[in-house]
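Enquirer: All chains should be modelled from the sequences, with the hints used to inform the complete structure.
Protein chains: 2
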Amino acid sequence: MAKARDPEERISARNRRIIIKAGIEIFARKGFDGTRIAEIAEASGLPKANVYYYFSSKEEIYTAIIAHLIAGWDDALKYISPEREPAEAFRLYIKAKLDYARRNGAESRLFASEIIQGARFLTKKDRDHMRRVTDVHVGVVEGWIAAGKLLPVDPRHLFIMLWASTQFYAEFEPVAADGLRKTRLKIEDYDKAAATISETILKGILPAS
Amino acid sequence: MAKARDPEERISARNRRIIIKAGIEIFARKGFDGTRIAEIAEASGLPKANVYYYFSSKEEIYTAIIAHLIAGWDDALKYISPEREPAEAFRLYIKAKLDYARRNGAESRLFASEIIQGARFLTKKDRDHMRRVTDVHVGVVEGWIAAGKLLPVDPRHLFIMLWASTQFYAEFEPVAADGLRKTRLKIEDYDKAAATISETILKGILPAS
DNA sequence: GTCTATATTTTGATAGAC
DNA sequence: GTCTATCAAAATATAGAC
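These protein sequence lines map, in sequence, to chains G and Z. Sequential numbering from 1 applies to the first sequence in my numbering. Sequential numbering from 210 applies to the second sequence in my numbering.
Simulated from the structure, these hints should not be mistaken for lab results. Among the clues, some could well be false.
Per label pair, the in silico range of CB-to-CB distance [claimed, not checked]:
id, chain 1, residue 1, chain 2, residue 2, range
1, G, R184, Z, A280, 26 to 34 Å
2, Z, D284, G, E9, 42 to 50 Å
3, Z, E292, G, D75, 46 to 54 Å
4, Z, K230, G, W73, 33 to 41 Å
In silico lysine-lysine, DSS-like type, Cα no more than 27 Å apart, as pairs [stated by the list, open to error]:
id, chain 1, residue 1, chain 2, residue 2
5, G, K78, Z, K391
6, G, K192, Z, K358
7, G, K192, Z, K412
8, G, K58, Z, K267
9, G, K182, Z, K287
10, G, K186, Z, K334
11, Z, K334, G, K182
12, Z, K358, G, K203
13, G, K182, Z, K401
14, G, K186, Z, K333
15, Z, K391, Z, K257
16, G, K124, Z, K391
17, Z, K395, Z, K304
18, G, K203, Z, K267
19, Z, K412, G, K95
20, Z, K391, G, K125
21, Z, K412, G, K149
Here chain Z is said to cover these stretches of chain G; the calculated rule only asks that three of the stretch's residues, wherever they fall, bring their Cβ under 8 Å from a Cβ of chain Z [to be verified]:
id, region
22, 25-31
23, 116-122
24, 125-133
25, 155-166
26, 169-176
27, 201-207
Cβ atoms here follow ideal geometry from the backbone N, Cα and C, with glycine treated the same way.
Expert: Given below as C-alpha cells:
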C-alpha cells in the first residue's frame, strides 16, 4: 500500500503543481472570468479532463492559487520590526518588495487583477490576516515616530505609497517600461527604482540630522 | 432630410453613450476576455442585437472606450510646467490625479486591467502619445534640477512613484480601504492621501531651505 | 432604428473506455 | 491515473420581420 501510494502522490503533486503554475500565468493575463479551463489544460500539457480530475472547478484552481500566494508574502515583509533603525528597515523592505514582485510577476498581476475585479475570491480570513499584518507595521512606525526617529507622518498612507510604488513596476510593466524609455525592464531598473524610492521617501520622513 | 437626421443622430449618440458607459463598468470588473456582450446589453437596457447595431464587435466597444479615456487625461496633467514653482506644481498635479482617479474609478480600473493583461489593445499611437507627454514632464523636472530648485532625482522613477501612489486608491480600493481600516474610501481619505504624498515627496526632493 | 429568433461556436463539466 | 467523446449551457454574431 505505502509502496503504491508514494509514486502516485508524486504524480498527483507534480500535476497539481503544473496546473497551478499554468493557471497563474493565464489568470494573470485574463482574469477569472476571462480564463478558460481549456487554455490552462493546453498550457499544462494535459487534456482538459485531467485538469478536472485534479480540481473540481475553475474556482477551485483560482482560490488555491490565491491561498498559495498570500502564504508566500509574509517572508518578504518581515523587515519592519522595532529593533531595527527605520532607515535600514525601510531600505530592506523596499528592496524585498521590489524583488518579490520582479521574481513573481505573474502572481503579482494575478493578485492585482483579483483586487481590481472587486476582490470576489479573497476570503475574509485572508483579508483579516492582511489587515493584522498592516496593523503591526503601523504600530512599529508609530513607535519610531514617538521615539523621534521619524517625522510625524500618517503610517497607513505611508504604507500605501510603499505598496503602490513597489508593485507598479511588475504589475504595470508596459507603462513602467514606456515611462523609462526602455523596451523591457531589467534588474538594473529595479535597483534604480529601489534607490529612488528609498532616497526620496527617507528624506521625506527622517528628521534632519 | 436635415429635419429627419437630427433626432436620429441624437438617439444614435445617446445609445452609443449608454453602451460605452455600461461597457466601462463591466470591462473594468471583468477584463476584455471576461466581458460578455449580453451583460453590456442588459446593463444598457438594450437588446443584445441593438448593441451590435451600434458596434460591430466587442473589440470595437473596447477600443472606443480606451481612446475616449486617453483623450480625457491630458487635461488632468497640465500642472507640470516650467513657469510654475515645483512645490506648487507637484501639489496641484498630485491633487488633480487623485481627483481624476476618484471621479473616474471605473475608467481607471479598466485602464489598469488593460495594462495588466498586456496592453493588447493600446495602439502604438496611444503609447507614443503617452511617452511624449512623459518626456515633456521629464524635461521640466530636469530644468528645475538644473536651476537648483530640486535635488537631483531620477525624474522618470519619480513620475512612476507619483503615478503609482495616486492611482492606487481608486484601482485597488478594497486593499486601500483595508489598509486604512475603513469600509469605503471617502473624499477625506483622498484629501489625506494627497497631503501625505505631497508632503513626503516634496520633503524628499526640495532643497533644504 | 428596434428587437425576436436563430445559426454557429465555444465553454464548463462529465461519462466511461482504457 | 489518463484521455476520447460528448453533453448542456452560454457565448458571439446575424437574419429578417416590424
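Enquirer: Which numbered hints are broken by the structure, listed smallest first?
Expert: Violated: hints 2, 13, 15 and 18.
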